[in-house]
Amino acid sequence: MLDSIVFYFFAGVAVLSALLMVTRRNAIHSAVFLITTLLSTAGIFLQLHAEFLFIAQIILYVGGIMVLFIFVIMLVRLDVPLPQIRSPLRQWTAIFVAFVVFGEGVYIVWKSRLVPGHGLLVLNPYPSDKLPPNTENLAKSLFSFYLLPFEIASVLLLVAMIGAVVMGKKRANTP
Amino acid sequence: MSVLANTVHDRTLQRPDTILGADELVINMGPQHPSTHGVLRVKLKLDGERVIGSECVIGYLHRGVEKIAENRSYQQFAPYVDRMDYVSAVSNGLGYCEAVEKLLMVEAPLRARVIRTILTELQRIASHLLWLGTHALDIGALTPLFYCMREREEILKIFEKYCGARLTTHAFRIGGLQYEAYDTLEKDVERFCNSFEARIQEYSDLLTSNSIWIGRTRNVGLLDAADCIALGASGPVLRASGVKWDLRKATPYAAYDQYKFEIPVGSNGDTYDRYMVRLEEMRQSRLICLQAIENIPVGPIMARVGKVLKPPPGEVYHAIEAPKGILGYYIVSDGGTQPYRVRIRPPSFINLQALDKMIRGHLVTDVVAIIGTLDIVLGEVDR
Amino acid sequence: MLQGVLAFVQTWWVELLCAVLIVLVVPLIAGYIVLVERKVMADMQARLGPMRVGPHGLLQPIADAVKLLIKEDLIPDDADKFIFWFAPVLSMTAALTSMGGIAFGPWFQVGRDINIGLLFVVGVSALGPFGIVLGGWASNNHYSIIGAIRSTAQLISYETTAGFALVSGFLLAGTLKVSDIVKAQYTDHVWYVFLAPVGFFTYLIASIAETNRAPFDLPEAESELVAGYMTEYSGFRWSLYFLAEYANMIVVGAVGATLFLGGWLRPFPNVAWLGWVDGLPTLLLAVTGVYCVMRAGKQPVHVQVMFMWAVALVCFLVALIFGVVEFAHLTSSAAFLSQHPVQLLRSMYDGLYGAFWFLLKVSAYIYIFMWLRFTLPRFRFDQLMRLGWHILIPLALVNVIAVGIMLALMSSLGWNRWLAALLTTLGTLVVGMLLIRWNDKHAAAASGSIATDNTQVEDSYAG
Amino acid sequence: MADESKAPQSPESSKPAASGPSPAPPAAGAPASPAAKPVAPAAAPPPPVQVALDSELSRRYRERFGAAILDAIEDRKQPILVVDVTQLLEIARYSRDTEQFDLLEDFTAVDWPRREKRFDLVAQLYSIPLNTRLRLKAALGAHEEADSLSSVWPTADWLEREIFDMFGIVFRGHPGLKRILLPDEWQGHPLRKDYDILQQDTAWVRENLGIESGQ
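Chains as they are written, first to last, in the working numbering: chain A, 0 to 174; chain B, 15 to 397; chain C, 73 to 535; chain D, 118 to 332.
Be careful, since some hints might not be right.
Here are the simulated DSS-like pairs of lysine-lysine, each with C-alpha atoms no more than 25 Å apart in a straight line [what the hints assert, rightly or not]:
| id | chain 1 | residue 1 | chain 2 | residue 2 |
| --- | --- | --- | --- | --- |
| 1 | D | Lys310 | B | Lys81 |
| 2 | C | Lys111 | C | Lys139 |
| 3 | B | Lys324 | D | Lys254 |
These are calculated hints, taken from the structure and not from any lab test.
Could you build all of it, start to finish, from the sequences and the hints given here?
Structure, rendered in structure tokens:
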């Protein structure tokens with residue numbers, strides 16, 4: 000009972016603020032609603048006892064990425080509409096992509112309905128008190144089974160970071 | 015004239031090399047801002063936080079002191095000069111009185127001059143103390159301000175005992191002094207000087223070797239000797255750039271020729287050097303006071319000047335080493351009871367001119383430190 | 073529905089109580105931290121500080137709070153109203169929520185069995201910057217926006233340092249859970265500050281920077297940016313920011329105390345002959361109570377008299393709980409211990425006693441903040457960034473590696489713990505010295521070119 | 118006291134030993150040396166106020182500029198050169214480069230409304246290496262323009278703006294001549310003698326401050 004209230008609260012907030020995000024004119028307002036969406040998703044993770052995922056979502060997406068988003072929005076004036084956004088080609092492309100994604104979603108739901116008991120829309124809560132502590136499990140699986148992908152990802156990030164530094168330096172030297 | 019009015023200061027508007035190519039930000043520092051020391055307004059052109067140009071807008075406190083002088087008698091005008099650099103009113107008064115005395119071709123008696131020297135040096139300490147406290151506050155050190163105020167209070171008490179006023183003292187009169195030194199003046203000054211040595215060490219301990227302080231002041235607001243002289247900057251600003259020039263030694267006035275003291279000079283011409291120079295100047299002023307109270311000559315305190323001053327026609331320029339720099343008075347007499355023209359050479363006004371050169375390329379943060387290090391008083395800048 | 077709520081309350085009443093207490097008490101505590109700060113400042117600056125409201129200004133925070141609440145609430149015309157309204161609330165919410173993960177004593181904790189423990193505290197308090205950034209942006213004021221930009225850059229930089237510093241503590245404790253971290257320090261017979269001093273000090277510095285306190289208070293540097301991101305705020309909204317700042321100080325202090333200073337453990341918890349230390353809190357509280365009673369009669373206003381009596385009463389009550397239980401321990405008479413009220417008191421004793429030591433440690437931590445604030449001048453922004461990126465982050469990284477090596481030495485090679493700690497700490501310090509030396513050279517070169525060269529490398533951090 | 122220009126006492130020479138300025142500069146002929154009892158001015162014969170200046174310095178200037186040096190006087194022991202305003206810039210440059218007057222201590226004007234040439238431009242020069250002062254004066258008609266000294270001494274920039282503000286004297290070649298102490302739109306130049314002390318730009322005050330009078 001209470002669980003579902005909490006769930007629907009978070010889910011509702013997430014969907015609503017996602018809607019508000021795409022409809023706002025003001026870029027900062029959009030960013031604020033994106034933060035709200037991310038936070039309510041994090042709330043759902045917490046409800047599912049995926050604490051590590053919850054905190055990763057908050058620290059990385061909200062605390063890290065979104066701060067940078069806002070930072071950039073504040074520095075660059077976005078209230079001036081860029082001409083390429085206005086071009087009809089873009090609009091049609093956007094509408095097309097939206098339809099394709101929507102169609103995919105419908106298709107998946109449609110398919111899953113065909114297989115009884117495997118419905119995507121049905122939430123099948125696992126008794127939370129019987130869950131093992133997921134932080135440790137996550138760490139164990141990351142550093143044992145998924146070690147190679149993990150390391151590859153790390154190297155990739157390192158390369159990206161070095162790239163960013165190099166680009167930043169170059170820019171400073173050539174005014 | 016209208017054509018000229020349109021040619022804005024183009025030097026400040028030169029297109030800079032911006033790093034990100036982003037818009038420059040024009041920020042108005044002042045006239046209401048916690049650290050512009052009054053109603054100074056600086057238009058800063060920023061690239062990020064880096065200053066790429068600036069323009070000072072002054073005059074918010076303009077009272078037309080020079081015009082007032084032309085409509086007052088010589089004695090009546092004397093209190094007005096106290097209101098220019100209101101944190102060193104005694105020095106202003108000294109300069110004015112001596113200038114008029116020169117115009118009248120009289121000289122104050124020795125006793126008067128010695129007492130003037132004592133009070134002026136105390137005023138120099140008080141002015142530097144106020145500078146130190148506010149400058150440190152600008153750079154973020156909260157505590158020195160209160161220590162400095164405590165010391166300054168001692169000095170102001172001496173002034174109060176001497177002439178009844180603390181800030182705008184009008185301590186001196188043309189021709190000498192109106193008031194005889196009160197009984198315990200020597201004792202009060204001595205007590206102050208004795209405690210001051212340790213106190214100044216205390217401020218020095220707080221700041222001089224503090225690495226944040228050094229980081230904030232070293233190489234900030236560099237001004238070399240040639241620039242200083244070209245821009246007319248004087249006083250501690252000039253001396254911090256390595257020019258050993260102090261009017262108290264170069265053209266001694268009052269009773270400075272009787273005392274031994276050193277002229278501290280810096281080498282770098284940065285904010286740190288100016289700090290060190292002023293700190294040392296306070297120590298030297300203390301020494302002057304101690305020497306002076308040892309032997310205050312007896313005698314009259316007022317030269318014989320008439321009730322109505324009518325200097326022979328002519329003109330005179332007299333400059334003294336005020337705490338902020340050279341304070342000059344150029345007085346023209348037409349033989350009447352009122353000065354025909356009084357021109358005041360205000361050290362703050364002319365030192366402030368160096369601001370633009372000093373802040374270019376620095377961060378906004380440094381602007382605050384540099385305004386502080388120039389030690390300006392807007393009452394004197396705007397007059 | 074109602075039954076569900078009732079059941080919820082029944083299961084979670086302790087947590088709910090704690091949460092309500094936090095929301096109610098933290099503003100009061102923050103107010104008193106301000107008072108203490110003003111008093112400490114006054115003492116260092118040879119003056120008295122607030123003396124008018126209450127004895128030695130004890131009621132000053134309440135007067136201030138009332139003043140702030142009844143002040144006119146101004147919103148600038150050109151401000152973004154929604155975000156202007158929303159930003160301080162966000163800051164405050166983040167600060168208070170993150171307190172949910174902190175254990176103020178063995179049983180006073182909201183998120184008790186949350187297994188990410190301190191990570192929750194750190195992560196949620198990292199939401200605070202949003203309030204600052206958005207508030208600065210919404211004010212539509214140059215000073216505010218520069219304050220906001222500074223604040224963001226500063227927080228992103230120093231959070232990294234703080235995170236690495238915490239990792240060194242987590243490695244030692246082997247868990248993220250708050251209560252387990254404290255227990256680990258109990259069973260290890262050592263506070264982790266002694267095993268990873270470099271980690272503690274990097275965290276100390278980073279936490280000062282994170283809470284925007286001097287000498288890192290650039291986002292609100294008065295002499296430069298008027299009040300930074302808070303320039304346009306007044307009244308209640310302003311006080312929310314203010315509360316958030318002080319709540320954040322409590323949070324970072326609590327994290328530091330939990331991870332490095334043994335949480336709610338008393339000093340030397342395992343040394344039996346130092347048991348008399350247990351009596352200190354009782355004594356302290358009793359003395360405070362007596363003082364309050366003595367001063368109560370001399371208060372000019374009735375409210376003040378009542379306030380003094382209330383403080384005295386609380387002190388006596390807690391002292392009584394402490395005293396009775398300690399007396400029971402001393403006599404160790406089974407009959408006395410088994411009495412019902414004594415047992416009740418005993419259960420309260422553990423919580424209060426832990427809270428006492430914990431709050432004492434947090435206070436000491438905050439006192440360091442104040443001490444630094446009144447002693448040091450402020451950094452410049454590029455210096456702050458250089459300190460963060462060139463010195464602290466590398467140092468914290470090296471420290472994590474060093475702690476890892478230390479643990480490996482202890483577990484694989486069976487080294488003595490102190491020897492391993494000494495060696496790794498010395499190694500880290502050597503690296504730190506090298507970093508500082510290298511950086512000094514770099515800084516000298518950079519600042520030498522300031523006057524002539526406008527293109528600075530460190531500007532890449534600003535954008 | 119009045120001997121400052123006569124006793125070139127380089128600050129460099131008087132510095133290190135800290136012996137102070139060696140026992141006061143009593144310069145023999147000074148009218149009132151510190152040691153002497155203050156002379157009652159009424160009793161003594163009044164000393165000549167202004168005399169013709171005939172020193173090495175003035176001779177060098179006369180040699181160099183000839184007719185451009187209109188007069189050389191000494192007023193209360195302070196040397197003054199009255200120069201032709203059209204040559205002022207040249208003389209200034211010469212003073213700085215050759216005569217080592219490296220510091221323009223002050224630059225101002227005096228209004229003499231009854232004179233044919235209404236204004237006096239007055240520059241106080243000081244030489245730090247030689248410790249001497251020199252005053253340059255140049256008369257300027259009401260509608261004449263003067264050459265800006267800011268190319269010689271950058272410090273003249275603000276000083277000239279102040280003169281422009283207070284007297285309405287226009288300087289050719291000034292980098293940005295506009296009012297400095299008064300608002301840009303202000304009418305009138307307050308330090309002119311025909312500007313009464315109670316006069317003000319009431320229109321400006323009303324418009325910008327919203328009050329009837331600033332007094």
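- prompt: Against the structure shown, which of the earlier numbered hints fail to hold, in ascending order?
  reply: none
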